[in-house]
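S.K.: Spelled out, the chains give:
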Amino acid sequence: MSLLEAENISIEFGGLKAVQNFNLKLKDHELFSIIGPNGAGKTTIFNMLTGIYTPTSGIVKMNDVVMNGKKIHEFTHMGIARTFQNIRLFGAASVLENLTIAMQSDAKYGLFDSLLRTSKFKAREKEIKENARELLSFFELDKKESFLAKNLPYGEQRKLEIARAMATHPKVLCLDEPAAGMNPSEVEDLIGIINKIRSSYDITIILIEHHMNMVMAIADRIKVIEFGITIAEGQPDEIKNDPKVIEAYLGKEEEQYA
Amino acid sequence: MNNIIQLLIYGLQLGSVYALVSLGYTMVYGIVRLINSAHGDYLMLGAYTAFYVSLLNGNNLILCLLGAMIASGLIAMLSDQLAFKPVREQPKFSSLVTALGVSLFIQNLSRALPFIGPIPKPFPTLITKKLYNILDITVSSTQILMIIIALILLFLLTYIVNNTKIGRAMRAVSLDRDASALMGVDINKTITITFFIGGFLAGAGGVFYGIMYPTIDVSIGSLLGNKAFIAAVIGGIGNLNGAMIGGILMGVIEIFATSINADIGFGVFYLILIIILIFKPAGLFGKLTNEKV
Amino acid sequence: MMKIKNNDTNKTYLSYIVVPVLFFVLYYLIQTKTINMYWRNIILICGINGVVAMSLNLINGITGQSCLGQAGFMSVGAYVSAMLTKNVFKPYMTDTFQTYALFVAALIIGGLAAGLIGFLIGLPSLRLRGDYLAIITLGFGEMIRVMWRVVPAAGRAKGINSIPKVTNFVSVYIIVFLVMLIFRNFTKSSYGRSCIAVRENELAGETMGINTTAAKIRAFVFAAIVAGIGGGLYSHLMTFINPDTFNSAKSTDYVLYLYTGGVGSFSSALLGAIIFTIIPEILRFMGEWRLVVYPLVLILTMIYRPKGLFGKHEFGFMRFGEKENEYEKEENAGILMLISKAVKSLLNGKKEKTRKEAQ
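Chains as they are written, first to last, in the numbering used here: chain L, 425 to 682; chain X, 6 to 298; chain E, -17 to 341.
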């Protein structure tokens, strides 16, 4: 049994094959990275793994349950959470609210509990708030809980997105270019946070990233995609020396010297 | 059979009016993404202008038409400058709310102004009505003239949009405002002219309304405007051909529906609107843009 | 670094006193006929408009959808409850208790009928957004009006008259209060938070495990129920209704109340409805011109104060007595804040003056 599994998934947009025969079998607690040039189809893969797109062929499985055709929020309830390449926070809500919104599944009370504010409701809400604050201090955002999300600096918005994804209690966390637009010290900070998440939570991470150094430093396994096709898979060291990968990133050697 | 052709001609007559008015809705929407609910009120002011022009110069169709069109065009421009331009950068729904406010403002102001007032006015006879009998079908000179003028205006508009510099600018702005600004298109000028042309056509619609129905009052704009707007949405708002076809289609449908039952005439409009929006959300000829993840 | 106030302290309980005091003052003035029948009716209409405007805020302000058909929901509540009281309940409305019990029952049934229509109108919101949703809700509202025109039981174009006049100050005041309370509790629960998620970023909300489909439908149904109750109050105040009472112009009115008041806040919606119901009455001496003032105010508000006259603040008990933090204050700023700032700076100026004089 595998946590998240993709069997030969492909997707087409009006005849254009964006991703072909992508396979994935996540191991528990690993950090799996998907890399590839721009437009290779990495985010499209994420969109299929998180339910935003349904693959044209092939199946996505979570805990051996076929997920094809399920709603996005059902993917989340199965334990998949994600962040977005272009940040999608709840801008006009406060930092704390961004997390409490994501803690939807913890609110195990009915409509009438909330309209009448029963003691059950109050207890749950208190718990949710406490958990959210705890998570905020884990991400060192606790001092900013009443800021509006859209007013945070860029790096902290990225951090808040990860925190928000963690608020859904995921088993698999999908990070879509979390270091995009960050400066080297912010990237260092981010690596620290990812390591901290891995050591504190029972979690598996899939990472899409452009920062090669970062991927090589933290990934356990890497898959390289080009034009929607998997061209290499393996440990960071193997990938580094794979001629196909070098070709995809740097172009053919003959061409360079020609 | 003759009866059906007779109704069809009525439908075309009404439809050509709807087409003129819905073109204005569609052009403005295409360029600033605003549902301008005040558009019908330009039409009403145009009809009143024609009323006063006819008092000054006798019942001259061309003069009345020109006066109405220019007046409506100018008012459209003015409302854009004063009300819509300042809210252009705000969230979308606030420009819609502003448009609702402008519509109410124009109507209530007209009601308060002494020379328009709340009491309906009789519209002058601008076309002397002659009846022609062709193969047992009666066609009036009014119908022929109206359809011809509407066709001329529609062709003129198509020519402007497709073959002139300002038309090119209009198409560019509706595709991508920022990119066309970078390419040196004067955005504000283009928007202003679009409003003027929209109002210009609405003015003609106002005169036609007066010709078809003997009295005009302050609320004719919202009545006709609503129908023309639905026609524009059905055709695919933002799409010129869609607005023309939608307008004519709705004119014909309305005439047939009211010949069956007068009460459901207007209901049919909304019924068709709802059905089309549910099954083809962007209208018959429109395109829906998808959000990229 | 600005100091962040802790939300749990500094509670303001002022409105817990204001609400009952206002009730008794108005009640006393109405009982002693200090407020005449004419103004009493206007106060009641203020409350009813407030209820409907608040229901619109749930859809447009909290859930971020665009609805232009609120009068349609209202008409369903108005017609259904009126048909019930007039045709079914009237013989049993003998003493005060029975009358009001049956009235409340009629209001609730009318509200539920409106909720059913709200469900139908909410369905397109699953596929359509923004302008298109606004158009289709407008279309649905008008369809409902056409429906009343052709249904024989609803009196066709003539409508229904001699409806029992049972709406009174107490019932309106209590319902306004309850509606505020319920909307407040809803918004501050996980249900309300999922509505906010839909408004802020639907896709992100969905990936955070929120069933946005359910959230939108819930908002439409809930708002329609409340608007329907408002409609029931309206028909039992006016005693006659016809299809044209609930035309698209009426829907537009509610949009205007909400957006001039301050979209996103229930208390601003209520205040907007109250102010813009009263202003045309105060300006009666201006004749037709009074109706020019109010759209003008709306246009100017949209241009100069797009957050609405009262901003996005919730006032009084709508905030659970919690104070807003600095950041929210800035974000929500309305005209009241402007005034208070002006007054503060004026007072400070005076203080400085006196200080200088003292020196």
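Be careful, since some hints might not be right.
Stated by the list, open to error - So the derived list for chain E, only partly shown, Cβ under 10 Å to chain L, looks like this:
no., residue
1, N69
2, Y173
3, R181
4, E310
Said to hold, decoys possible - Partner residues are not named here, just some residues of chain E that face chain X (Cβ under 10 Å, in silico):
no., residue
5, M75
6, T78
7, D113
8, M129
9, L160
10, I164
11, L240
12, W271
13, R272
14, L278
15, L280
16, L328
17, N330
As the list claims (entries may be wrong) - So these bits of chain L aren't anywhere near chain E, every CB distance computed over 10 Å:
no., residue
18, G515
19, F563
20, E564
21, A591
Everything labelled a hint here was simulated from the structure, so no lab data went into it.
The C-beta atom is built at its ideal place from N, Cα and C for all residues, glycine as well.
S.K.: Hint by hint, note whether the structure agrees.
M.R.: To see whether the hints hold, each was checked on the structure:
About 32 Å separates the beta-carbon of N69(E) from the nearest beta-carbon of chain L, more than 10 Å, and the hint is not met. Hint status for Y173(E) relative to chain L: holds, with the closest Cβ pair at about 6 Å, below 10 Å. Satisfaction of the interface hint for R181(E) is found here, the shortest Cβ-Cβ separation to chain L being roughly 8 Å, below the 10 Å cut-off. Because the closest C-beta pair between E310(E) and chain L is about 7 Å apart, less than 10 Å, the hint holds.
Hint status for M75(E): violated, given a least beta-carbon distance of 33 Å to chain X, over 10 Å. With a least beta-carbon distance of about 41 Å to chain X, the hint placing T78(E) at the interface is violated under the 10 Å criterion. Taking 10 Å as the C-beta cut-off, the interface hint given for D113(E) holds, the closest approach to chain X being about 6 Å. Residue-level restraint check for M129(E) holds (minimum Cβ-Cβ distance to chain X is 8 Å; threshold 10 Å).
Proximity of L160(E) to chain X is violated relative to the hint, the smallest CB-CB distance being about 28 Å (cut-off 10 Å). Interface hint status for I164(E): violated, as the beta-carbon distance to the closest one in chain X is roughly 25 Å, over 10 Å. With its C-beta approaching chain X no nearer than about 9 Å, L240(E) sits inside the 10 Å limit, and its interface hint holds. This hint holds: W271(E) has a C-beta 5 Å from the nearest C-beta of chain X, less than the 10 Å allowed.
A cut of 10 Å between beta carbons decides the hint on R272(E): the least distance to chain X is about 9 Å, and the hint holds. The interface hint given for L278(E) holds, since its Cβ lies 6 Å from the closest Cβ of chain X, which is under the 10 Å cut-off. Look at L280(E): its Cβ gets to within about 4 Å of chain X, closer than 10 Å, so that hint holds up. Given hint, L328(E) at the interface with chain X, is violated; its Cβ is 29 Å from that chain's nearest Cβ, farther than 10 Å.
Because the closest C-beta pair between N330(E) and chain X is about 32 Å apart, greater than 10 Å, the hint is violated. Separation of G515(L) from chain E is inadequate, the least Cβ-Cβ distance of about 6 Å not exceeding the 10 Å criterion. With a closest Cβ-Cβ approach of about 16 Å to chain E, F563(L) is found to remain outside the 10 Å limit, as its non-interface label requires. Non-interface call for E564(L) relative to chain E: holds, since the shortest CB-CB distance, roughly 15 Å, exceeds 10 Å.
With a minimum CB-CB distance of about 8 Å to chain E, A591(L) fails to clear the 10 Å threshold, and the non-interface call is violated.
Of the numbered hints listed earlier, those contradicted by the structure are 1, 5, 6, 9, 10, 16, 17, 18, 21.
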